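**Student:** Start from the sequences, fold in the hints, and give me the full structure.
Chains A and B supply the protein sequences, listed in that same order.
Going by numbering that gives the first Met the number 0, 198 is the number at position 199 of the first sequence; the sequence numbering is gapless.
Going by numbering that gives the first Met the number 0, 108 is the number at position 109 of the second sequence; the sequence numbering is gapless.
Hints are computed from structural coordinates only; laboratory data are not their basis.
Since the structure is predicted, the reported quantities are computational estimates derived from the model, not experimental observations.
We treat Cβ as the ideally placed atom computed from N, Cα and C, and that holds for glycine.
Please note: incorrect hints may appear among the correct ones.
Using 27 Å as the maximum straight-line C-alpha spacing, the simulated BS3-like pairs for lysine-lysine come out as follows [what the hints assert, rightly or not]:
id, chain 1, residue 1, chain 2, residue 2
1, A, Lys-158, B, Lys-141
2, A, Lys-277, B, Lys-239
3, A, Lys-158, A, Lys-110
4, A, Lys-141, B, Lys-158
5, A, Lys-1, A, Lys-64
6, B, Lys-1, B, Lys-64
7, B, Lys-64, A, Lys-141
8, B, Lys-239, A, Lys-239
9, A, Lys-51, A, Lys-64
10, A, Lys-51, B, Lys-141
Partial chain B-side listing against chain A, Cβ under 8 Å, derived [said to hold, decoys possible]:
id, residue
11, Gly-78
12, Ala-81
13, Ser-128
14, Val-191
15, Phe-224
16, Ile-227
17, Ser-231
18, Ser-234
19, Ile-240
20, Ser-242
21, Asn-247
22, Asn-249
23, Trp-250
Protein chains: 2
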Amino acid sequence: MKILDALNQAFSKYPQVVEAKSRVAYGGACGSYCEEASISFFNDSCTLFPCKTFEDVFEALNQGKADYGVVPIENSSTGSIAVVYDLLSRYQYYIVGEEEIRVRHCLLAPKGATLESIDEVYSHPQGFSQSQEFLNTYPNWKCIPYFNTAIAAAYVAEKNEPHMAAIASKRAGEIYDLEILAENINFSQTNVTRFVIISRELKLFNKPTCVSIAFHLPHRPGSLFEVIGIFSVFSLNLSKIESRPLANHNWEYLFFINFTGNISQNTLTTLLPIIAEKTDYFQFLGYYPQFIEKGPTV
Amino acid sequence: MKILDALNQAFSKYPQVVEAKSRVAYGGACGSYCEEASISFFNDSCTLFPCKTFEDVFEALNQGKADYGVVPIENSSTGSIAVVYDLLSRYQYYIVGEEEIRVRHCLLAPKGATLESIDEVYSHPQGFSQSQEFLNTYPNWKCIPYFNTAIAAAYVAEKNEPHMAAIASKRAGEIYDLEILAENINFSQTNVTRFVIISRELKLFNKPTCVSIAFHLPHRPGSLFEVIGIFSVFSLNLSKIESRPLANHNWEYLFFINFTGNISQNTLTTLLPIIAEKTDYFQFLGYYPQFIEKGPTV
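**Tutor:** Given below as structure tokens:
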């Protein structure tokens, strides 16, 4: 079984560390939350560079231009980033780590602009939905979805018109020299985005705690019940379940599952073939340390 | 139990029908796929009217301006419409029916425009992701996300500039008098969107086959396994599972499940209290006829 070979090889090198001078591709622009996650995860010797779309991050790995990629996978208020799940299944790369960044959206505008002069707001669609309650108090503002919060801030800075604003981070405001018209406008004050660190090779960094897998189930009643039963038998915690439609198979789903618990090399090499046997398609996505809060992100 | 009262009352009136002259609020604009779904589900005596956002559809019901609402819930290629799941849980309305519409995106532009003159494309973000392969062949086009495919078509028609195009349905092109520069540009040729018909009251239309529920699980290993086991015991098919994060509870999820099978009034009144007992929070979303293919949508 190819997965077991890769896993045993990774265990033989355990624990691996991020190589000095690694090249890291992240989603968005300078000033994006994704860049913040990259700065937080990687050390100073690494070179970070932005990619316009999340697919561009995977392509940077594919073309050997990057050693690691950083993409958001889930927001605590608005949920999974569907396109990233699809890219994980399409490119078959590994998750080697995760990072969490607290989202604190600001309304940013060129110097001289006021809440009264604004009539157009640019942001990522999730930026709008996370700030919906604030935006509801300005029903006449036109919300124009943009690629990314930081790219929206850069665009508003470039246009330099007092009727335009962006929803992005405080840091993006500083980078693009915009004024903060309103701070912490996201409705949930515990709004957190989770990012994954991806690599073409399976690597086991120090103290991995979480396993991510993807699978497709055969069409018979109880097939999901059977697979979920395996985790119960091994006393593992199912911490996340996500389903994504299979392209060209209407209403058939690829399941993504995270599980945690007392996981040894033995547990994994026993467990994974059992799951693979009960599923039509099986993908091992990685075994990595979960994010541990390091104090507030500035 | 309130759910059982509502359910028994609905069974006492079974089968209900759509009342003549019902008022129907749908998401998007004239020419949207959502309008197509509404036309297909409701009879000629009903009055259909568009709402700019999906939340506006729920608000139209809340304010008594509409008897039914129609919103998309899932696309076969790009997955669930997250915001609609959140609205279903927030407004506590019922699903009384479903409809499916085959998505056939076109590239629409004002008369005189050509593929060479285009440099800006407007559509819903799902319109872009569903047409990604086509768009990849025009890397210099700027894709500008918009509220809705039909509103994007209306906007491009209003601007009437040869460098602007919209991705929307053929029908939207006819309504807004735009030319078709490319047809069937969605990557999956079996691209289907599923819509739900919502109502403030629980109603049972003829031959219901699918039950939708939502629940939140207590924090202990095996809790999902126990609930999924219930469906196995009753020999019911779990046809869909979706998880959405709970607002203000990081990494806790609300599960949405659809199940089908041999479901009687007795099964439901036995089953639902068992599920309610094993969950922290339980919501019965409806029992409704699943969509049956009526032949190709024009």
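**Student:** Now, for every hint given, state plainly whether the structure supports it.
**Tutor:** Quick rundown of the hints versus the structure:
Taking the CA atoms of Lys-158(A) and Lys-141(B), the gap is about 17 Å. The hint holds against a cut of 27 Å. The hinted pair formed by Lys-277(A) and Lys-239(B) meets the criterion: a straight-line CA distance of about 19 Å does not exceed 27 Å. With a CA separation close to 12 Å, the supplied pair Lys-158(A) and Lys-110(A) stays within the 27 Å bound. Among the hinted pairs, Lys-141(A) with Lys-158(B) is consistent with the structure: their alpha-carbon atoms are about 17 Å apart, no more than 27 Å.
Under the criterion of a C-alpha separation no larger than 27 Å, the hint pairing Lys-1(A) with Lys-64(A) is consistent with the structure, at around 26 Å. Of the supplied pair hints, the one linking Lys-1(B) and Lys-64(B) holds, its CA atoms being roughly 26 Å apart against a limit of 27 Å. Simply put, Lys-64(B) and Lys-141(A) have alpha-carbon atoms about 25 Å apart, close enough for the 27 Å limit, and the pair holds. Of the supplied pair hints, the one linking Lys-239(B) and Lys-239(A) holds, its CA atoms being roughly 16 Å apart against a limit of 27 Å.
Distance check on the hinted pair: Lys-51(A) and Lys-64(A) sit about 15 Å apart at the alpha-carbon level, within 27 Å; holds. Between Lys-51(A) and Lys-141(B) the CA atoms are separated by roughly 12 Å; this keeps the pair inside 27 Å, and the hint holds. Satisfaction of the interface hint for Gly-78(B) is found here, the shortest Cβ-Cβ separation to chain A being roughly 5 Å, below the 8 Å cut-off. The beta carbon of Ala-81(B) is positioned within 8 Å of a beta carbon in chain A (closest approach about 5 Å), and the interface hint is therefore held.
A least Cβ separation of about 7 Å between Ser-128(B) and chain A falls short of the 8 Å threshold, and the interface hint therefore holds. At its closest, the beta carbon of Val-191(B) sits 6 Å from a beta carbon of chain A; the interface hint therefore holds under the 8 Å criterion. For Phe-224(B), the interface hint holds, since its Cβ comes within 8 Å of a Cβ in chain A; the closest pair sits about 5 Å apart. The interface hint given for Ile-227(B) holds, since its Cβ lies 5 Å from the closest Cβ of chain A, which is under the 8 Å cut-off.
At about 5 Å, the closest approach between the beta carbon of Ser-231(B) and any beta carbon in chain A falls short of 8 Å, and the interface hint on this residue holds. Nearest Cβ of chain A to the Cβ of Ser-234(B): about 6 Å, under the 8 Å cut. The hint holds. Using the Cβ-Cβ criterion of 8 Å, the hint placing Ile-240(B) at the interface with chain A is satisfied: the shortest such distance is roughly 6 Å. A least Cβ separation of about 6 Å between Ser-242(B) and chain A falls short of the 8 Å threshold, and the interface hint therefore holds.
The beta carbon of Asn-247(B) is positioned within 8 Å of a beta carbon in chain A (closest approach about 5 Å), and the interface hint is therefore held. Satisfaction of the interface hint for Asn-249(B) is found here, the shortest Cβ-Cβ separation to chain A being roughly 4 Å, below the 8 Å cut-off. Checking Trp-250(B) against chain A by beta carbon gives a least distance of about 7 Å; that is within 8 Å, so the hint holds.
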